[in-house]
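Note that the protein sequences, when read in sequence, are chains A and B. Residue numbers are given in the numbering used here: position 187 of the first sequence equals residue 183, and the series is strictly consecutive. Residue numbers are given in the numbering used here: position 200 of the second sequence equals residue 196, and the series is strictly consecutive.
Don't take each hint at face value.
Same chains, same label: a pair holds when it works inside one copy or across any pair of copies.
Calculated cross-link-like contacts (lysine-lysine; reagent style DSS-like; alpha-carbon spacing at most 25 Å) [stated by the list, open to error]:
hint: 1; residue 1: K18; residue 2: K82
hint: 2; residue 1: K118; residue 2: K136
hint: 3; residue 1: K36; residue 2: K136
hint: 4; residue 1: K149; residue 2: K182
hint: 5; residue 1: K37; residue 2: K136
hint: 6; residue 1: K82; residue 2: K(-2)
hint: 7; residue 1: K149; residue 2: K19
hint: 8; residue 1: K36; residue 2: K149
These are computed hints drawn from the structure, not numbers from a lab. In this text, all values refer to a predicted model and were calculated from it rather than measured experimentally.
There are 2 protein chains.
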Amino acid sequence: MKLYSSKLAPSPLKVLIFLAEKKVEDIEIINLNLGELEHKKPEYLAIAPNSRVPALELDDGSIILETTAICRYLESLYPEPNMFGKSPMEIASVEMWYSRVTYELVSPLAHGFRHTHPHMSKMENQNHEFGLAQREIGVKALNTFDEIIASRKFVAGNNFSYADIQMAVNLNFLVRLNRLDIKDFKNLNEYVTQIFERPSFSV
Amino acid sequence: MKLYSSKLAPSPLKVLIFLAEKKVEDIEIINLNLGELEHKKPEYLAIAPNSRVPALELDDGSIILETTAICRYLESLYPEPNMFGKSPMEIASVEMWYSRVTYELVSPLAHGFRHTHPHMSKMENQNHEFGLAQREIGVKALNTFDEIIASRKFVAGNNFSYADIQMAVNLNFLVRLNRLDIKDFKNLNEYVTQIFERPSFSV
Chain A
-3 MKLYSSKLAP
7 SPLKVLIFLA
17 EKKVEDIEII
27 NLNLGELEHK
37 KPEYLAIAPN
47 SRVPALELDD
57 GSIILETTAI
67 CRYLESLYPE
77 PNMFGKSPME
87 IASVEMWYSR
97 VTYELVSPLA
107 HGFRHTHPHM
117 SKMENQNHEF
127 GLAQREIGVK
137 ALNTFDEIIA
147 SRKFVAGNNF
157 SYADIQMAVN
167 LNFLVRLNRL
177 DIKDFKNLNE
187 YVTQIFERPS
197 FSV
Chain B
-3 MKLYSSKLAP
7 SPLKVLIFLA
17 EKKVEDIEII
27 NLNLGELEHK
37 KPEYLAIAPN
47 SRVPALELDD
57 GSIILETTAI
67 CRYLESLYPE
77 PNMFGKSPME
87 IASVEMWYSR
97 VTYELVSPLA
107 HGFRHTHPHM
117 SKMENQNHEF
127 GLAQREIGVK
137 ALNTFDEIIA
147 SRKFVAGNNF
157 SYADIQMAVN
167 LNFLVRLNRL
177 DIKDFKNLNE
187 YVTQIFERPS
197 FSV
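Isolated chain A, as found in the complex (with noise of 0.2 Å):
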């Protein structure tokens, strides 16, 4: 299989997480020059039409697109250890948690980074005022997800999960991408350090 990765964006950065997790490593990694736009380039959009990465290229050719279908994908292969939960509960709550990790506080955010940031002004159509009202209401999540987190290790309960994989890595690319400190979120802060001190997070 091989890996259409870059070392820049954070959706493949959580495959290459999820492998280390798993001690995955006969997969072969293709590094994308997003700054070149290699991703734009013909030979890439015969692979992913959509021109993002990650993607998974099977051994048959196969392209399996979208960073959580490659994770599941993954999971299915390598069961050991589960980041999508084993139990019926496990799995509504690795599932819950990534819904509401993703929709109240990492979508925001992201909102909140693309429409503002200087640095996206080529890449997206910028609706200043939008991104100010989606920054603001990504400041609000942080503080609900502060109280959330100060009783638990794990965001989706007593194990690490793909949920705390989706929640680590976007905290850590985009609370300073909206010129905020994680510092002034005490247990977030907490959280994010002792979730990067795994291994996998070296990659």
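Mind docking chain B on chain A? Use the hints.
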């Protein structure tokens, strides 16, 4: 189990269709009147702190929030007919198409509706310019998915899946709420018509 639902919103409808496909009939349905803001009352906030429907209350009092999490829990309990795939490739395909439908198609159309429709003016901090830009992206996505669906009966492969529930339910709501006509997208129109002929869609 009790399902907190609503007769107006697309998200609880997805769970009701999911249950009907599996012929599960022993879950108590509690309909909230969103127009009268029943989902904002303290009784419901104690169940769903994010004030959203659906929510699933288990017999032991545990709560599962988020539509997809509820459906994955129900899939564990009632695995047949499966809606999230069985083989590694099916599982990946349902997740991939669920994600592509959600991010490429549903998200811009939902933003287009929420930020431009007069009915949403009290519920959303509307940004008309952003809404119009998103609607335009949504129209492009409708054309893209009109091509994608031309050669297939179901969006994620050979079988009806959760990705079809996501796609058909949202198209049925969001196309007209963006003041568009699904009939202008011939293949999508045939697809939605065919999916809505399933008995589960008349819940």
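Each hint tested on the structure:
1. K18 with K82: both (15 Å within a copy, 21 Å between copies)
2. K118 with K136: Classified as between; 20 Å across copies, 28 Å inside a copy.
3. K36 with K136: Answer is between; shortest inter-copy Cα gap is 18 Å, intra-copy 36 Å.
4. K149 with K182: Within one copy, since 14 Å is at most 25 Å while 50 Å is not.
5. K37 with K136: So K37 and K136 pass the 25 Å test across copies only (21 Å; inside, 39 Å).
6. K82 with K(-2): Classified as between; 23 Å across copies, 27 Å inside a copy.
7. K149 with K19: So K149 and K19 pass the 25 Å test inside one copy only (22 Å; across, 38 Å).
8. K36 with K149: neither (40 Å within a copy, 30 Å between copies)
Of the numbered hints stated above, the single one contradicted by the structure is hint 8.
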